[in-house]
Amino acid sequence: MTRTTQGARGERHPRPGSGAAPEVTTPAPEGPGAEGPNTEGPNAEGSGAGRPAGAETGTRWLSDEERAAWLANSAIMISLPAALDARMQRESQLTFFEYMVLSVLSEESDRTLQMSGLAARTSASLSRLSHVVGRLEKRGLLSRARIPGSGRRTNATLTEAGHEVVVAAAPGHVAAVREYLMDGLEPHDLAALRRIGTAVEAAINRGSPDAGSTTPTPPETSAS
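Under the UniProt record's numbering, the first residue of the sequence shown is numbered 1, with each subsequent residue one higher.
The reader is advised that the hints may include incorrect statements.
[As the list claims (entries may be wrong)] Per label pair, the in silico range of CB-to-CB distance:
1. Arg60 / Arg152: 40 to 48 angstroms
2. Pro148 / Asp64: 56 to 64 angstroms
3. Arg206 / Val174: 25 to 33 angstroms
4. Trp70 / Glu137: 23 to 31 angstroms
5. Leu193 / Ala145: 36 to 44 angstroms
6. Ala145 / Met77: 18 to 26 angstroms
Everything labelled a hint here was simulated from the structure, so no lab data went into it. Each residue gets a CB set at the ideal place from its N, CA and C atoms; glycine is no exception.
Work out the full structure: start from the sequences and follow the hints.
Structure representation (structure tokens):
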């Protein structure tokens, strides 16, 4: 995900000039709003750029509207997963990601997916997925099996115990999703939310090292 620099509000930056700046002999204003009007051009804080003192002027700083949208989205990215984790661990002894792994497997007719496919469906790296799957396997909620043939490919299969756990956890999960997100939205917000999520995912995939690569996917050594 792209990182955005956010500067302190109310900072003033010196205007470039053709000669040496005259020495300032008057004390700096104090108190909120004492700086006076901001006249530093289109990239200044007054137009919502939010750039810190000394930052590059050629950077595409965020406008007020963009910055407000980014901060609101940042709150979702940080607080929503934490809230889901806390609630699901309290109610179901599962983290949000563990639930997602079990849930995705439960949607398959044979409750089985190759580890690479499971990683894609849960938006996780193979290394992270392997660690979590190993933990769930120790609890008897899923099992792993090597796929015959060349390479080191591995399937993950939801066990009957895992199916019982995810079925029991599903009502609490959907209640949390409704309480924390869906019930606060208007019907027309849903299409926008889906469109935003799709666009962000596409941008992240374009920026990933493997995007557009024609190199065959390496064996899933981390999944075994």
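Results of checking the hints against the structure:
1. Arg60 / Arg152: 40 to 48 angstroms: Holds, at about 44 angstroms.
2. Pro148 / Asp64: 56 to 64 angstroms: holds, 59 angstroms
3. Arg206 / Val174: 25 to 33 angstroms: Hint holds: Cβ distance 32 angstroms, inside 25 to 33 angstroms.
4. Trp70 / Glu137: 23 to 31 angstroms: Between Trp70 and Glu137, where Cβ atoms are some 39 angstroms apart, the hint is violated.
5. Leu193 / Ala145: 36 to 44 angstroms: holds, 37 angstroms
6. Ala145 / Met77: 18 to 26 angstroms: Given a distance of about 35 angstroms, which is not inside 18 to 26 angstroms, the answer is violated.
Checked against the numbered hints listed earlier, the structure breaks hints 4 and 6; every other hint is satisfied.
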